[in-house]
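Here the protein sequences line up with chains A and B, keeping their order.
Sequential numbering of the first sequence, starting at 1, is according to the working numbering.
Sequential numbering of the second sequence, starting at 1, is according to the working numbering.
Read the hints as simulated data drawn from the structure, not as lab findings.
Don't be surprised by glycine CBs; every beta carbon is placed ideally from N, CA and C.
Incorrect hints may have been included.
Unchecked claim - Here are the simulated lysine to aspartate or glutamate pairs, EDC-like style, with alpha carbons at most 16 Å apart:
1. K144(B) x E708(A)
2. K13(B) x D578(A)
3. K572(A) x E36(B)
4. K989(A) x E828(A)
5. K328(B) x D578(A)
6. K294(A) x D8(B)
What the hints assert, rightly or not - Quick look at which bits of chain A chain B covers, simulated, 3 or more residues with Cβ under 8 Å:
7. 122-132
8. 576-582
9. 719-733
10. 876-888
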Amino acid sequence: MADDAIFDKKKSHRAKHAGRKAEKKKKKNQVDQSNLSARQRNPKAFAIQSVVRAERQFRRKEDVIAKKQHIPQVDKTPLEPPPIIVAVVGPPRVGKTTLINNLIKSFIKTNVTSTKGPITIVTSKKRRITLIECNNDVNSMIDIAKCADLVLLLCDASFGFEMEIFEFLNICQVHGMPKIMGVLTHLDMIKNAKKLKMTKKTLKHRFWTEVYSGAKLFYLSGIIHGEYLRNEIKNLARFISVMKFRALSWRTTHAYMLADRMEDITNQENIRKDPKVSRDVVLYGYVRGVPLMKESTVHIAGVGDMKINELSYLPDPCPLPSSEKKRHLMERERQIYAPFSGVGGIVYDKDAVYIELKGSHSHKAEDEETNEKKALLKNVVETKETVDEQMQESGFKLFSGGAVIYPSMLKDDEYLQQDRNDEGSSDDSEAGSDSDSDNDSGIDQSEKEVSAKLPWENKSDSEGDDNDMDTEERNDGKEQEGNDSNDEDEESENEEDFGSKWKEKLGEKATMAYFERQKTSKNIMKLVYGEFEVGNKTKAQNQEVSEDESEEEIGGLFKKVTSSQKTKQKHKDQLDIDECSFFYALDKPTIRDWTTEPNKQALINSFVTGKRSADEDAEELLKLDDASDGEDDMYGDFEDLETGEKHEAKETEDDTVEPGSKRKGEPTKSEILDKKLKLKAKFDAEYDNPDDHRIKGDHSYYENLKAEALKQSELNKSVFENLDEGLRVEVEGFRPGLYVRMLFKNMPSEFVTNFDESYPILIGALNMAEQNIGFVSCKVKKHRWYKKILKTNDPLIISLGWRRFQTLPIYSKIEDDLKCRYLKYTPEHVTCNMHFYGPITPQNTGFLALQTVTNSTNEIKQLGFRIAATGSVNEINKSTQIMKKLKLVGTPLKIYKKTAFIKDMFTSTLEVAKFEGARIKTVSGIRGQIKKALNKPEGAFRATFEDKIQMSDIIFCRTWFKVDVTKFYAPVVNLLLPIGNKNAWQGMKTKGQLKREKNIKSEANTDSMYTEIVRQPKVFKPLVIPKNLQKGLPYRFKPKLKQNKISTKNTKENFGERIAVIKSPYEQKVSNVMKMIRTNYEKKKSDQRVATKERISKFKKQKEEEEWRKIKRQKELKKKICRNLSKTSSKKKPQM
Amino acid sequence: MPAVVQNDVLIYKGSNFFRQRLLLSTLSGRSVRIEEIRSSHDDPGLREYEVNLIRLLDKITNGTRVELSETGTSLYFQPGILIGGQVTHTCCPQRGIGYYLEVLLALGPFCKEPLNAVLQGVTHHDLDVSVDKVKTAALPVLLKFILVDDGLELKVVRRGAPPLGGGEIVFKCPVRRHLRPLQWTKWGLVKRIRGVVYALRVSPTMANRVVEAAKGVMLNFLPDVYINTDQCRGSNAGKSPGFGISLVAETNDKTFYCAEAKSVEAGTRSSTLPEDLGKECAMRLLDEIHRGGAVDSSLQWLLALWMALGQKDVSEAVVGPLSEYTIKFLQHLKEFFGVMFKLEVLREQDEDSDEEQVVAQKVKMTCVGIGYVNISKRTL
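Bound-form chain A, shown alone (with noise of 0.2 Å):
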């Protein structure tokens, strides 16, 4: 054994110490092995052993990545987004209002009795949940999927999937799909394992063919004591406050609110007086989507459009948890709002809110009326927020009837005194030349807007307004300054008598600071839109109140009268001024001389030539290097003295007018060092790569477009971070995630009377000309579970955007020349066009058509599929060009060689006129020209052929028809119906359903019907042959005895017919007489043919005879010269 393990031993290895390979091993050991890579320690091992695998290798790589890439889009989440909208899908007696139930329970630990209406949630600190189930209704499952962001699809499993469910899933997929998890109810019904297991499978291969396949689908697998099991429902919720969503287009441009409270604020009066009066509604709700804006329409869903009268937002009734480090919820920020539902405070019922204030779930929603005392009641209580916003929030009245003021409506001088110094400027240099022309847009605007303040103001600072009536005659801007401050003094007055002394140190220091940040906005917005009132309040109220003001100080307070007087004979100079966009509009004033030499310093760094900004000139920026590589002075010198004295001059300069310019002071090191780590860091990132080097594809196109839209959704979200509210609202629109109240005025009535809370109330924003209504073109499909075709013209219920609405399409189909080619009815299998009139929507909204929306068993049992067709907006426009194919028809009148009159295709002359040079064409393809009208018949004309045509030719005219498209919009109120009619809407019928209702039929047309039809069979002519071909035909084919055929058919007939011919004795004779004479006659023939026969044998004989001598001579004569021929060629033979 020994023996072999010596033998085994293998020679130790010898590292080299010299030599090529040693060196080599020196070399890669200098460098520090432990921090490289694989690939750059042994980088041949990475070399390309293959170019063609390398090349694929790469090419799958980037199509892979390629595949991943998606057009950036802006993020639009805001910060604090609204819940999310969780809504509980599916036919009725599946488990939807038990899953609800238990979905609560579970987030929040409380048993709810009723689940109407959505239910806002907390569920964790980051996300809130609205749960909303969907009734069995067409018009709802439209409404919810149109706001939903998580659909929890249920589903009976022991029955299978329901056409709802399809329908459902088809109504998401047109406008946009949300986020869909299919739940399986009803597992515990089937009792076979195996067949719940193949049950289970297949219903989940059937959902994922329709959302997309891997989509989540839960098992609830049965109910103990009315309840899914805990697990579960753990699991699901898990599920549901995990779930990511993604934008959807039709969301991420429009703003929208599911109204979750419903108050009738009419005056009570006013409705006992009569019923059916308009009412004022009020709805509450989180904005989704997109900032909604104040003065934007919106659509109702189930209602109409509506323009919001008042819009407000509110403190949110069911708030996120402060940002505390904890990691779960508390038990009192496990809040839950459901108003329609009679949870979370408020009770509510048709005609009264009932608020119950119990610990932590109080609500803190406030009525108009009481506004005054809670808004004391919350400073107290509340300690949330900071002084500012309380301040921001809190309003005062000055009359009973007045609208609620916020400071937020502030306003203040300090623009016009800056503004004012500028001119005061400008004026100087202007030396003392009109100065109207300048100041016209500075004071002309300060005294507009000192009488467009708001009433408050002047009645509260009378005395402030006089003040500002002085100042402005003045160009002092110290004396404006304390005129300034004595006016936010008085302010802070005002707020002093509202009530809130106690605030008032605290408020003071706050708001001092905020104030100034926000003054230089604030200032300049005034002079913008000091006519138009910023906050929280909207439009109409206040110029009712300001209205009122003017005319109840008609006689208080003179100045405003006065002044009210002057902005009038204002407004009306300027009523029809010409118009101009230039900076000096019409009155050219002396222009600064900018050659001098103080002006030309203040100008020239503007220009490349000037001196730069430190942070920005590469000069500084140099010398800066050098400052901190440590060798300063001696450079900076060194480079003054290069750029030479001129420039030096310049500099100082420079310096003693550089307060005027825009130019900043020298940065201290921490900036330069900063600036000098962000180079640093960029270079690092462009040069160093931090993979290795090898080739990658060039994705800097797709970065970049990231890049920029990260930016963009970062700008948007900071950019108004710290505004305040009421102007941040006004400029940016009411953000998602606020929550407010609109009020509508002229509501009408059934909307209220009839309102039903299982119902969701949609409200979504309308943007610009999207309230208008105009003819829209889309291409559309009929939906192949469909059973029917469409009509042209019979009412369709289109659901398109946010609205449903009723219409009259027509199809067409676009032809080559990009024609429309009407059609009568949609084709199959096939896109076509459609044109309807409607509402305006952006192009390549998807939409969907029903037929009716009706839910009675019958229809849909009928129907079975009720979507009837999808598609999408192509076009939108004020007119439309539908043609149809016409054919005109005309006869001949008389003919000549090519020319024809031809009548009855027209009806005058004018007609004829119109259609001169039309190309016409008879049945039989002729084709012709229509040349001029006839005098008479009236629409009779002449037209020339490329041949000659016949009387019996019809001659027919190809035109177009232009069809119009029926005006007719009418949109689905169903929310207007009476309580348990909501879901049978019945608008336009078709034509079709009314002659069946009324039991009508139309006559037929005689010619269109169909008849027997009565076949004579065909009688064939007998054949003849003729005489001469019978001669040449063969015996077989020749006809046999045909007569005698037909006699032996009939013989007896045949000779029945005969008759006997008995002769007179004359004839008898006669006959005799030719009986004698004809065989005397044949006789002497026949003689005759025996004589020729002989005479001609005779003569043949002798023929012969005569032949054979002329032979004979001639062959003995043929001898005698061929003798005489050898005889001569002998001779001549020897001589040759």
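Given the coordinates of chain A, assemble chain B onto it according to the supplied hints.
Same frame as chain A, now just chain B:
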């Protein structure tokens, strides 16, 4: 004076800002009624050039309804859908082509088909921006919003001086589905000055004298000054004599300031010295440079419009002091679109200086676009 809204119709008084109102009405799709148009004047009612503007709007739209009262003092305007396409329009010589061109510029990106407009009339007018200014200063601004220049073009075929005009331009504008948001807070330093001096039916020496004077002033500030002369003759010179200059200052951040001056109309008694004209224009340009900002002061309103019509994202720009026209335009924007700008006066420099004499006030305009989409465009 704010509008009164009645049944979603905005009611205004007076003929001032007529163009703004019709323009915004066309874009927003909201009807306007304008009352008391020069009702107290000797010559009441709409002027010829305003009627001409309505005609132009009618040409590029479909379904526009205009109702004029008998006296012409009241007008109801219900806008249609922007069509664009090939348009030939003879502008009223009372106003320059610029008056109409600015409207087309604002509407151009939102038409159904790319706009290809031929405008005839007065190319240079005292009240309106000249075609040169639009070409050099306004088109780059629009380009910032549409990003890709596929056929944005303005060609001056012929120049025409008032009062008779006779000029012709061709304006082409591509269509866009929406404008992109814009952040434009830096405008850089003026790096070059270019200009055109045109002389129509006058001696060519006039042009050279203008160039000399203008250059004389500008060379005080920058060596890179180059001014072209455009001496038109024959039919290209329009119908009336006149000469003028337009100067453009380009910064290194692609901001263009433009100033222009022209001779007084032929027929009036007074005359203009070419040297004065050149100097005046140079001064105006310096004034414009002094005001600063990302755009020329007479184009502020266009910038504001395009910012407001952007997607629902934040746009911001810094401009010089707001002109009266822009202020009115912002007010109109608020009324028509409900969009409000956040305006801030920038005065970082104030810290250093007590005398604010030389600092032109800069205004930072910030707004959230209304998410305007071109609803006229066709998708296939």
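A quick look at each hint next to the structure:
Between K144(B) and E708(A) the alpha-carbon distance is near 15 Å, which keeps this suggested pair within the 16 Å criterion. For the suggested pair K13(B) and D578(A), the alpha carbons sit about 14 Å apart, so the restraint of at most 16 Å is met. Using a Cα cut-off of 16 Å, the hinted pair K572(A) and E36(B) holds, with the two alpha carbons roughly 10 Å apart. Between K989(A) and E828(A), the direct Cα distance comes to roughly 23 Å. Violation of the 16 Å bound is thereby established for this hinted pair.
Taking the CA atoms of K328(B) and D578(A), the gap is near 14 Å; set against the 16 Å cutoff, the hint holds. Under the criterion of a C-alpha separation no larger than 16 Å, the hint pairing K294(A) with D8(B) is consistent with the structure, at around 14 Å. Only residues whose C-beta sits within less than 8 Å of a C-beta in chain B count toward coverage, and the segment 122-132 of chain A has 0 of them, not enough to reach three; the restraint is violated. Check on the segment 576-582 of chain A: 7 of its residues sit with their Cβ under 8 Å from a Cβ of chain B, so the three-residue criterion for coverage holds.
Figure legend: the segment 719-733 of chain A, annotated as covered by chain B; annotation consistent (8 residues with Cβ-Cβ distances under 8 Å, at least 3 required). Taking a C-beta to C-beta cut-off of 8 Å, the segment 876-888 of chain A contributes 4 residues in contact with chain B, enough for the three needed, and the coverage statement holds.
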